[in-house]
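Undergrad: What follows is each chain in one-letter form.
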Amino acid sequence: MNTVKRFMGVVWLGLAALAGYFGLTSLGLPKLASGKTDDLVFGLIIVIVLMPLIVGGLIRFGLYALQGEYDD
Amino acid sequence: MITEAPKATSNTRSLISVIGASSVGTLIEWYDFYIFGSLATVLATKFFPEGNPTAAFLSTLATFAAGFIVRPFGALFFGRLGDLIGRKYTFMVTLMLMGGATFLIGLIPSFESIGYLAPFLVLVLRLLQGLALGGEYGGAATYVAEYSPVGQRGYWTSWIQTTATIGLFISLLVILVTRKSMSKEEFDEWGWRVPFLVSILMVLVSYIIRKNMHESPLFAKAKAEGKTSTNPLKESFGNKYNFKFVLLALFGATMGQGVVWYTGQFYAMNFIKTVCNVDAIQSDELMTVALLMGTPFFVVFGWLSDKIGRKGIMMFGMLVAILSYRTIYEKMYQTTNLKNKQEVVASFTADSTVASDPKVAGGSIKTKTVTRAYTDGTELTEVTKLKIAADPSAEPAKPEIKRTVKITDTDRWSLIWLVFIQVIFVTLVYGPIAAFLVEMFPVKIRYTSMSLPYHVGNGIFGGLLPAVATYLATGAKEANTLADKAGTALPYAAPYLEGLWYPIIVAGVSLAIGLIYIKNKAQVVD
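Residue numbers (our numbering), protein chains in the order written: chain A, 1 to 72; chain B, 1 to 526.
Hints should not be assumed to be uniformly reliable.
To be verified - Label-pair distances were calculated between CB atoms; the ranges are: (1) G363(B) - S34(A): 23 to 31 angstroms; (2) S34(A) - S181(B): 53 to 61 angstroms; (3) W417(B) - S26(A): 31 to 39 angstroms; (4) Q67(A) - A489(B): 47 to 55 angstroms; (5) A494(B) - S34(A): 22 to 30 angstroms; (6) E395(B) - S34(A): 46 to 54 angstroms; (7) Q67(A) - G312(B): 34 to 42 angstroms; (8) Q67(A) - A280(B): 15 to 23 angstroms; (9) E343(B) - A17(A): 47 to 55 angstroms; (10) K221(B) - A33(A): 27 to 35 angstroms.
What the hints assert, rightly or not - Chain B is faced by these chain A residues, among others (derived, beta-carbon under 10 angstroms): (11) K5; (12) V55; (13) L58.
Don't read these hints as lab results, they were simulated from the structure.
Each residue gets a CB set at the ideal place from its N, CA and C atoms; glycine is no exception.
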């Protein structure tokens with residue numbers, strides 16, 4: 001099980017990259033560019049709060065998993 | 001970091017009084033938080049006038065910032081205080097802060113009286129509400145858990161878990177009673193302030209009850225022995241050993257729990273009102289019934305988690321939610337889909353009126369009202385409003401169409417059961433989570449460490465659900481419209497279901513992480 005836990009660390013790192021890319025290109029930036037007030041606030045929350053949390057958090061989580069921090 | 005648990009000495013009677021005092025306070029905090037959302041339509045007319053971009057910006061900030069962004073900061077600020085000076089005093093402060101902010105919202109003069117100061121003050125007080133809520137939940141859950149015998153924490157903390165749902169009921173109930181005790185004009189004029197002002201009485205009662213409570217025995221013991229943290233933030237998030245569990249709690253549990261909670265309680269309500277177009281009163285009633293039916297299961301699954309472990313129950317809740325959401329929402333959609341019903345042609349009525357537009361000089365508004373009835377008793381009212389400019393050469397405005405469907409008892413019960421199933425998913429993931437989080441972190445940094453993942457998972461991942469899901473569904477609908485105009489195949493067979501990909505993916509990732517990394521036994525036993 002420890003091998004699986006460590007191997008999945010790579011998956012979480014990849015997921016962080018994917019989430020960052022699609023979060024910005026499909027959600028955050030189009031909202032910022034729309035020109036509507038609601039969209040502006042929503043876009044800022046996506047870009048400044050949600051994406052750093054998901055990407056930064058998943059990177060740290062993936063690295064910890066790879067390093068065997070969650071091993072039994 | 002597994003430490004030995006002290007033997008529990010609390011008897012059931014004192015435990016019940018602890019649960020009661022903690023739950024009442026938390027319930028009032030949820031009441032205060034929800035009252036703003038429940039009165040959003042009235043508040044918009046008083047503080048955020050339509051067509052004013054600055055007021056609209058402040059309104060959006062008040063909605064998003066307090067609900068999503070500020071809560072984790074409240075968790076950090078009050079969590080730190082709770083780990084430094086104690087649970088009891090900290091959640092007394094959050095209670096007073098929440099009550100004071102809610103009361104003051106009820107006193108703010110309208111936009112007409114004091115201009116931009118009104119929406120600005122609302123925003124500030126709403127931010128204080130968010131901060132207070134961020135600090136309250138972790139304190140209450142920690143306090144109750146630390147009073148509970150180790151093998152019964154799931155059961156006792158599950159009472160705290162019911163407060164979010166009951167707080168929503170009470171907010172709706174107080175508004176309903178206030179509305180019924182006066183005319184519509186009186187309510188719009190000043191009656192809407194009553195639910196805010198009433199809060200101070202409830203908070204005072206709760207304050208008196210809580211004031212007589214003692215500090216949590218585990219924290220008091222740690223403090224007496226000099227084992228409390230001097231820097232909880234650093235120990236929680238600067239220490240790799242603890243921080244890895246904060247991340248695990250977030251990605252393996254609260255993130256998935258947050259989206260399942262918001263889907264079952266808020267997205268379902270929004271879907272029934274705006275996609276199925278069910279009459280607002282009928283929607284509120286059926287949601288209330290489904291939530292009431294589901295609420296006892298918070299306690300059932302909290303209790304069960306003491307017997308068979310927390311992980312299995314929470315992961316099962318996420319799994320069944322992921323697998324069944326699209327089927328449930330398709331069934332909800334088809335239950336109210338008028339294409340599946342037989343129209344009574346003779347009952348068709350149409351009426352048209354033209355009135356002057358109060359906002360545009362020389363302009364007018366043409367209103368067309370169409371009603372249709374169906375053989376099963378369903379009724380449709382469709383109101384189309386078209387603004388006509390004074391200048392005939394001006395570009396014609398897009399008509400606003402509002403459809404309201406009054407459903408039959410049979411359809412209402414179908415929807416109640418479909419929402420109830422989702423509430424059961426909510427109780428599966430939410431019932432055991434307070435005990436799960438408490439048992440992940442040691443006493444000295446517990447308040448801080450458990451509050452942050454809870455509020456990021458619920459406030460940010462869950463709180464963004466309505467906006468992200470609506471965005472996905474709208475995008476799918478627009479893509480279909482474009483394809484239809486171009487004469488090509490429609491890319492989405494059911495665009496109204498596309499918004500569900502957000503909870504499905506987020507809960508899916510959380511389920512995978514939880515299954516692989518979370519253990520079925522307590523990380524910390526104290």
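Undergrad: Would you mind marking each hint as holding or not holding in the structure?
TA: For each hint, the structure was consulted:
1. G363(B) - S34(A): 23 to 31 angstroms: Hint holds: Cβ distance 27 angstroms, inside 23 to 31 angstroms.
2. S34(A) - S181(B): 53 to 61 angstroms: violated (43 angstroms)
3. W417(B) - S26(A): 31 to 39 angstroms: holds (35 angstroms)
4. Q67(A) - A489(B): 47 to 55 angstroms: Cβ of Q67(A) to Cβ of A489(B): about 48 angstroms, so the range 47 to 55 angstroms holds.
5. A494(B) - S34(A): 22 to 30 angstroms: holds (25 angstroms)
6. E395(B) - S34(A): 46 to 54 angstroms: Once the Cβ atoms are compared, 20 angstroms apart, the range 46 to 54 angstroms for S34(A) and E395(B) is violated.
7. Q67(A) - G312(B): 34 to 42 angstroms: violated (28 angstroms)
8. Q67(A) - A280(B): 15 to 23 angstroms: Because 53 angstroms falls outside the window, the suggested range is violated.
9. E343(B) - A17(A): 47 to 55 angstroms: holds (52 angstroms)
10. K221(B) - A33(A): 27 to 35 angstroms: violated (56 angstroms)
11. K5: holds (6 angstroms)
12. V55: Violated. Min distance 12 angstroms.
13. L58: holds (7 angstroms)
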